[in-house]
Amino acid sequence: MNLIRPYGDRRDDGLVQLAFTLPVPAGAKAKEAASQLVKKMGFKSVLVASMEPAGERFSVFVCYGRGDFALDFDRVEAPEVKHPKHGFDALNARIAERLGRPIVVVGACIGSDAHTTGIDAIFNMKGYAGDYGLERYPWFRAVNLGAQVEPAVLVAKAKELNADAILVSQIVTQRDIHKENVRALIEILKGEDLWGKAILVFGGPRIDHKQALDLGFDAGFGPGTRPSDVANYVYYRLCEKLGLPEE
Amino acid sequence: MNLIRPYGDRRDDGLVQLAFTLPVPAGAKAKEAASQLVKKMGFKSVLVASMEPAGERFSVFVCYGRGDFALDFDRVEAPEVKHPKHGFDALNARIAERLGRPIVVVGACIGSDAHTTGIDAIFNMKGYAGDYGLERYPWFRAVNLGAQVEPAVLVAKAKELNADAILVSQIVTQRDIHKENVRALIEILKGEDLWGKAILVFGGPRIDHKQALDLGFDAGFGPGTRPSDVANYVYYRLCEKLGLPEE
Amino acid sequence: MAQLFVDPAKVGRARDLAGRIADQVQARIDRHTTVSIERTALRLFGVAGTGSTGAPVANLVVDRLQQANVLGKGAVYWLGRALKDGGSDPVKAVERLLGQPGALSPLSMAEERALRDQMRREARAAAGELKRRVRERNAFKAGLQVGAFEGAPLRYVIVATGNIFDDIDQARAAAEQGADVVAVIRSTAQSLLDYVPQGATTEGFGGTFATQENFRLMREALDETSRRLGRYVHLTNYSSGLCMPEIAYMGAAERLDMLLNDAMYGILFRDINLWRTLCDQYFSRRICAYADITINTGEDNYITTADADEAAHTVVASQLINEAFAHRAGMKDERIGFGHSFEIDPDREDTLLRELALAMMVRELHPKSPVKYMPPTKHKNGDIFFAHVYDAMADLVAITTGQGIQLLGMMTEALHTPFLQDRHAALKSASYVYRAARHLGSDLTFKPEGIVARRQREVFDRALALLEETARDGMVAAIGRARFGDVARTETGGKGLSGVVQRADDYFNPFLEILEGRED
Amino acid sequence: MAQLFVDPAKVGRARDLAGRIADQVQARIDRHTTVSIERTALRLFGVAGTGSTGAPVANLVVDRLQQANVLGKGAVYWLGRALKDGGSDPVKAVERLLGQPGALSPLSMAEERALRDQMRREARAAAGELKRRVRERNAFKAGLQVGAFEGAPLRYVIVATGNIFDDIDQARAAAEQGADVVAVIRSTAQSLLDYVPQGATTEGFGGTFATQENFRLMREALDETSRRLGRYVHLTNYSSGLCMPEIAYMGAAERLDMLLNDAMYGILFRDINLWRTLCDQYFSRRICAYADITINTGEDNYITTADADEAAHTVVASQLINEAFAHRAGMKDERIGFGHSFEIDPDREDTLLRELALAMMVRELHPKSPVKYMPPTKHKNGDIFFAHVYDAMADLVAITTGQGIQLLGMMTEALHTPFLQDRHAALKSASYVYRAARHLGSDLTFKPEGIVARRQREVFDRALALLEETARDGMVAAIGRARFGDVARTETGGKGLSGVVQRADDYFNPFLEILEGRED
Ligand code: B12
Ligand code: B12
Ligand SMILES: Cc1ncc(COP(=O)(O)O)c(C=O)c1O
Ligand SMILES: Cc1ncc(COP(=O)(O)O)c(C=O)c1O
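The listed protein sequences derive, respectively, from chains G, X, P and F.
According to the numbering used here, the first sequence is numbered sequentially starting from 354.
According to the numbering used here, the second sequence is numbered sequentially starting from 354.
According to the numbering used here, the third sequence is numbered sequentially starting from 388.
According to the numbering used here, the fourth sequence is numbered sequentially starting from 388.
A couple of the hints might just be wrong.
Unchecked claim - Below, simulated SDA-like cross-link-like pairs (lysine to any residue); rule was C-alpha separation at most 20 Å, straight line:
| no. | chain 1 | residue 1 | chain 2 | residue 2 |
| --- | --- | --- | --- | --- |
| 1 | X | Lys479 | F | Lys882 |
| 2 | X | Lys479 | F | Asp694 |
| 3 | G | Lys512 | G | Val496 |
| 4 | F | Lys479 | F | Gly534 |
| 5 | X | Lys392 | G | Lys435 |
| 6 | G | Lys435 | G | Thr526 |
| 7 | G | Lys393 | X | Cys592 |
| 8 | P | Lys755 | P | Gln390 |
| 9 | F | Lys471 | F | Gly486 |
| 10 | F | Lys882 | X | His468 |
| 11 | G | Lys382 | X | Leu424 |
| 12 | X | Lys594 | X | Asn445 |
| 13 | G | Lys479 | P | Asp873 |
| 14 | X | Lys397 | G | Ala423 |
| 15 | G | Lys479 | P | Thr692 |
| 16 | X | Lys550 | X | Ala482 |
| 17 | X | Lys393 | G | Gln564 |
Bear in mind the hints are in silico, worked out from the structure with no lab data behind them.
Make the full structure from the sequences, and use the hints.
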């Protein structure tokens with residue numbers, strides 16, 4: 354049992370900073386409303402630190418409150434992608450030796466999302482943060498369809514290449530459009546042979562492993578992912594799927 | 354009925370920004386813990402926007418969450434100090450005419466709190482924000498005891514001068530020391546004739562009217578108070594206490 | 388103010404090269420039209436609304452003409468011929484016309500002349516009406532304060548809720564807090580639609596659809612707000628994409644003050660066909676010139692994909708090319724807002740100096756133009772407190788170097804389109820920094836052999852080399868080699884190529900004549 | 388780097404005047420001692436711990452000697468006489484001594500000499516031990532990195548939880564995030580206690596009690612952290628108040644690196660008697676000089692009460708006076724950290740220029756000293772986002788003008804003593820700004836007739852006039868007229884006057900002899 358609480362001034366004081374906007378003009382009543390709202394959120398000793406008029410009909414608040422929200426840290430479970438990590442050459446050598454064929458991956462940023470930099474960071478030769486992209490790996494066959502790709506087009510390409518893994522990027526997340534997009538993808542996949550066979554990988558700055566699992570993917574990768582993280586993951590997951598014995 | 358909710362991107366979306374520290378090192382588990390905590394606060398669609406290691410044993414989080422916290426703005430009650438406001442000359446003239454004697458006020462910043470600027474802003478000749486202080490008013494007799502004044506000393510002075518009003522400033526509020534200080538003052542006052550007679554005014558940057566009322570004061574004044582706000586308030590409240598008919 | 392440490396002879400050379408690059412391309416532009424240009428011409432003639440399928444009438448007409456392979460003569464010509472026979476529904480009229488035997492054969496000389504004269508008269512009337520609205524806007528603006536103070540960059544903020552009515556609420560609030568320019572960001576991927584949606588819209592993603600009605604509603608709200616505040620609040624939107632000319636026209640009609648409008652952006656960042664964009668940018672800029680719309684170029688985007696330090700010279704070179712194109716479209720320097728940005732990686736050293744170097748150079752290379760400065764975006768992450776400070780440094784560079792327009796950075800850039808409170812913080816911070824550093828730029832000088840001066844010269848030399856290469860091999864080749872924004876494109880690739888049509892010898896576009904000053 | 392636009396002759400004149408002002412006062416300082424000075428001398432002789440009432444033994448002894456009216460001879464003298472007769476409890480021994488008939492009459496010449504020699508030997512041994520610890524600290528520090536990089540201000544942050552163990556947690560975290568100096572703020576009103584509390588403490592308000600044990604615990608933690616990080620983390624505390632000399636001594640003993648120590652702060656801001664503070668500052672600074680402690684003066688405080696623009700010259704004048712006093716206490720320029728601050732009202736115009744003017748002037752008037760720059764505090768309110776940007780501007784001025792130490796501003800300044808996350812944001816932001824503007828100061832020059840230059844000259848002229856007046860009428864008169872910090876004080880007012888004692892002709896204080904270099 355390891356109870357943790359927010360720590361402001363002193364350990365376990367439960368202090369949290371909040372900021373939000375209310376659609377009312379600044380004034381004593383607005384300030385009181387802000388304070389009541391923060392109390393509704395379960396905070397005590399609420400301080401409305403600032404109330405700024407944001408135009409004539411809105412007010413922006415900064416508040417501090419003391420909340421009695423505790424969590425047993427020992428019982429927090431955060432699924433993590435876990436496997437050994439090899440360098441570029443070592444991984445290639447391993448694939449050559451244990452699989453004897455290149456791993457085929459197809460990737461795209463789907464839907465109307467036009468941000469290519471994320472998926473490019475994983476695929477492009479030059480890579481990201483000093484780490485080579487998948488296209489550079491001799492033992493990967495990496496096909497990047499770019500951005501604004503319809504889910505159906507991605508699936509078709511994956512079928513065509515008999516892909517071992519499908520890599521999906523989503524950057525725009527306003528009103529959960531990314532979830533809609535990947536759900537559409539999963540629906541299409543379900544009707545295909547690839548379903549259950551291809552490894553499904555989801556990535557983007559507002560994605561994490563847990564969320565990806567919930568959405569039906571095998572893994573999720575968030576901000577700061579390096580291509581080698583993905584390369585290693587796909588290799589290990591593939592070995593697992595193929596029932597290859599642990600090394 | 355006028356339900357209001359926090360407004361981030363679209364009206365009533367309930368979006369709130371939070372920031373806090375947890376006493377655990379940064380990592381997937383810490384991030385998950387932050388997310389769970391914010392959910393415990395009643396938020397949905399929680400985004401842990403950033404997790405920064407604050408040294409090796411702490412992490413600082415910025416989160417966004419969507420809360421279904423609504424408030425009927427029409428039913429928010431914020432007690433406000435309400436009375437007409439007169440200019441310097443007009444107010445003096447009024448006191449001369451209706452009371453026929455100067456109003457006596459005594460003020461201090463009590464306890465170990467050494468911040469004088471707040472109480473000085475209200476009392477000093479030169480005043481604050483272009484507004485003259487009480488010492489300048491010919492029809493006020495204003496005595497400022499300064500800072501670090503023991504509650505008993507303030508009460509003694511008020512008795513000596515038969516003060517109409519006692520003005521208390523508190524700037525240091527760490528662990529509610531200000532509340533302890535004013536409660537001590539009120540306790541002492543209760544045994545005195547002044548109790549119920551003298552107007553009790555509380556001021557400071559983290560004070561508001563409501564809080565002052567709760568603590569047993571007649572009024573509370575927060576950040577940005579001008580001396581003339583106080584002068585007018587004391588005048589009107591005194592008339593009320595003396596049973597003078599409304600003008 | 389801003390200092391330029393580059394040899395003026397080199398600047399002269401670079402401008403010549405840029406001119407040459409543009410000329411090579413302009414000849415081809417002048418021989419083509421596009422579906423969007425033709426739709427725009429029709430819109431001037433009042434061809435508005437949508438058909439039964441929801442598609443805009445202008446699209447229905449132009450598509451029909453293209454099917455019939457006669458668009459090269461100009462849609463207005465056919466419209467004239469179709470309506471001559473009576474009727475007022477352009478789609479039906481064109482349909483009927485094309486259905487007639489011999490429909491495509493020319494009229495008699497006299498009839499041809501009469502038809503064209505008639506259409507020219509109508510075009511003049513409509514363009515005159517457009518001009519009148521623009522003059523009205525200019526007069527309105529002349530009576531109001533502009534910007535925080537003389538010399539302060541215009542504070543430019545974005546609204547992007549997807550819902551025009553939320554946008555209006557937020558734009559008003561922003562204006563009340565000091566915003567000088569409101570940009571309504573377009574819904575994700577609108578630039579790839581080959582038509583302009585219709586009416587007031589409430590469902591965009593990452594932005595709100597650019598429609599004429601949305602423009603009108605927002606401008607109306609801002610007019611009211613400007614009047615109330617005594618300070619003019621500008622409105623801007625995006626014309627890049629497959630409908631550059633049409634959106635420029637709608638912007639002109641609804642008195643927009645600015646438009647994002649770049650000669651290459653669509654090619655590089657939206658994979659729109661190269662010739663399609665080049666033709667469209669020309670016509671759309673002619674409209675901007677006519678309607679006193681300030682254009683904003685998009686060189687800032689180059690350094691959101693490429694490394695900002697590495698690719699700084701591409702920004703400088705591209706701006707000179709963009710300028711050359713704008714001049715060829717009749718734009719005055721005063722209306723060309725060159726885009727650049729503070730995208731430098733904050734983990735590096737002396738980034739403020741390197742930024743000052745570039746910002747001063749861009750400023751001084753285009754002394755009459757309202758340079759538009761963009762904030763850091765790429766290197767931001769979810770740490771909103773840090774991002775806010777990072778933005779403040781951009782504010783400082785903007786005021787110190789005298790940028791004309793500053794898009795204010797948002798501390799939540801890496802998270803979501805701006806919330807009301809994000810804009811509030813940005814405006815408050817920028818206003819403070821402008822005030823605090825108001826005369827900083829004129830109080831200091833940089834050492835001629837210092838880091839700033841050397842960085843400027845280094846970047847300019849590389850820009851010059853890029854221009855030499857591009858002038859030698861042509862713009863198409865340079866784009867093919869990913870010289871700009873790290874993206875390679877071909878002449879025949881990209882969306883919308885089929886919408887590029889060779890002009891017939893007797894191509895008729897009275898609107899273009901007016902815009903090109905050829906009407907008499 | 389920093390530029391000074393003031394006529395050097397005026398600077399020379401100002402220094403002369405400051406020297407004269409200090410000299411007028413120093414004569415009187417040299418004729419007095421105080422209860423705190425005497426307690427300090429006793430502490431060097433190992434008089435530690437508390438008596439049964441909880442009062443420190445040093446206080447009990449000194450109070451008893453004062454009651455007996457013999458303190459003017461020096462507490463160490465009486466301690467020597469009391470302990471000569473055997474026994475080890477100083478309180479009991481002094482009590483017994485004073486109880487003896489004829490106790491106050493002098494010893495024989497030989498006995499006197501022997502006693503003094505003996506006490507001098509012990510003092511030398513104890514002072515030598517002190518020195519050894521200081522040398523050890525210096526050697527430890529020499530092996531580590533200091534500061535972010537050569538030329539970067541030391542990043543100074545505050546911990547103030549009231550609980551030394553929370554303080555240690557937070558100080559460690561701060562150091563791990565880049566803090567170079569940790570200041571443990573004292574509990575509200577400790578400066579008004581005429582004794583130093585004892586032991587590890589966990590209940591302060593607005594700060595943590597300064598006790599020798601707290602010093603030790605914190606320094607131990609920071610030693611460990613420094614070693615781990617390979618970067619030296621300095622520790623500082625406050626010596627101002629009624630116990631200036633004692634706290635300086637404890638700081639020396641526990642190897643503190645810096646101490647807030649100002650010749651006038653206690654007088655002006657804590658209403659401590661003028662002579663009490665002047666005497667105490669002298670002795671405490673002698674200790675700082677001996678123990679290589681950098682002092683920080685408190686001129687920043689002047690502009691938290693007075694208007695920063697209006698009162699800027701009082702900062703400059705007071706720094707010169709503080710310098711003169713420090714020199715008279717044997718301090719080297721390298722150990723005088725002059726305090727000043729970025730307190731200018733952000734609502735005004737060109738505040739960044741006005742700040743640059745002052746920061747450069749303070750920097751250049753004391754070229755060898757590690758100027759300590761304080762952040763905005765007074766004009767902050769609860770808008771933490773704005774406050775964060777406001778602080779970033781102070782960071783920028785600090786790096787650009789080469790300040791030696793920078794107390795980092797907290798975005799929650801107007802709300803509470805710093806939270807862990809507040810320090811995190813401040814350190815991240817300052818580190819970024821230092822990096823971004825690392826060579827900005829050396830890349831630019833201000834125009835000699837610009838706003839910055841003119842502001843400098845104007846402030847200096849006013850400072851000079853104030854020094855002229857103060858030298859003419861004396862420091863006591865100037866303070867009586869509220870010339871510094873807007874606060875008036877009299878010679879006989881304030882707390883602790885009764886603790887000022889005239890030295891007897893045969894006043895004996897071997898520690899002072901060592902500190903003044905008179906021991907042989
Ligand atoms: C650069 C950029 C652009 C460029 C894109 C250029 C390009 N070719 O990609 C331009 C200027 C064109 C652009 C346009 C738009 N953008 Co944009 N853009 C950004 C910006 C500034 C940086 C994104 C970036 O390049 N990051 C660098 C890459 C390397 O990081 P990354 O994407 O996180 O990828 C890493 C990981 O997430 C992971 N990863 C990502 N994908 C994948 C996939 C797999 C399989 C794996 C394993 C890992 C992985 O690995 C990568 C490397 O570590 C962000 C703001 C920000 N600071 O994040 C806004 C941002 C993403 N854009 C945004 C918006 C709204 C738009 C527009 C829709 C605005 C508009 N209406 O015009 C347009 C239209 C684009 C469209 N149709 O989708 C919003 C999205 C808001 C939201 N939450 O929905 C953001 C957050 C800005 C904002 N605050 O409004 N944008
Ligand atoms: C200036 C200042 C000082 C100066 C004080 C000089 C002086 N003579 O007053 C100095 C440097 C000496 C100082 C010292 C300390 N300070 Co101080 N100080 C401040 C600072 C920067 C500004 C306060 C100020 O002058 N405001 C201007 C005045 C005019 O505003 P005001 O007080 O709000 O008053 C207005 C209203 O509130 C109202 N009002 C106030 N009183 C009254 C009374 C009545 C009757 C009425 C009607 C109205 C009214 O009217 C006024 C005019 O509008 C604040 C931070 C901040 N920005 O607020 C910290 C702050 C108040 N200080 C703080 C602390 C902790 C201290 C110390 C205890 C630190 C230490 N351990 O050394 C010391 C010790 C002081 C002590 N023993 O109490 C904390 C308090 C934290 C808390 N919430 O408890 C603050 C918030 C800083 C911080 N974040 O840590 N401080
Ligand atoms: C010149 C230009 N046009 C258009 C856009 C955005 O347009 P779209 O709607 O195509 O994303 C940008 C984006 O920054 C731009 O710089
Ligand atoms: C020189 C100096 N000494 C001491 C202090 C604080 O000491 P105290 O504990 O007296 O509040 C300050 C406060 O800023 C100071 O500047």
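Now the hints, each set against the structure:
1. X:Lys479 / F:Lys882: Violated, at about 27 Å.
2. X:Lys479 / F:Asp694: holds, 12 Å
3. G:Lys512 / G:Val496: The hint holds at about 12 Å.
4. F:Lys479 / F:Gly534: This hinted pair is violated, its Cα atoms lying about 49 Å apart.
5. X:Lys392 / G:Lys435: The given pair, whose Cα atoms are some 26 Å apart, is violated under the 20 Å limit.
6. G:Lys435 / G:Thr526: violated, 27 Å
7. G:Lys393 / X:Cys592: violated, 39 Å
8. P:Lys755 / P:Gln390: holds, 15 Å
9. F:Lys471 / F:Gly486: With a Cα-Cα distance of about 15 Å, the restraint between lysine 471 of chain F and glycine 486 of chain F holds, given a limit of 20 Å.
10. F:Lys882 / X:His468: holds, 17 Å
11. G:Lys382 / X:Leu424: holds, 12 Å
12. X:Lys594 / X:Asn445: holds, 19 Å
13. G:Lys479 / P:Asp873: holds, 12 Å
14. X:Lys397 / G:Ala423: holds, 18 Å
15. G:Lys479 / P:Thr692: holds, 13 Å
16. X:Lys550 / X:Ala482: violated, 31 Å
17. X:Lys393 / G:Gln564: holds, 18 Å
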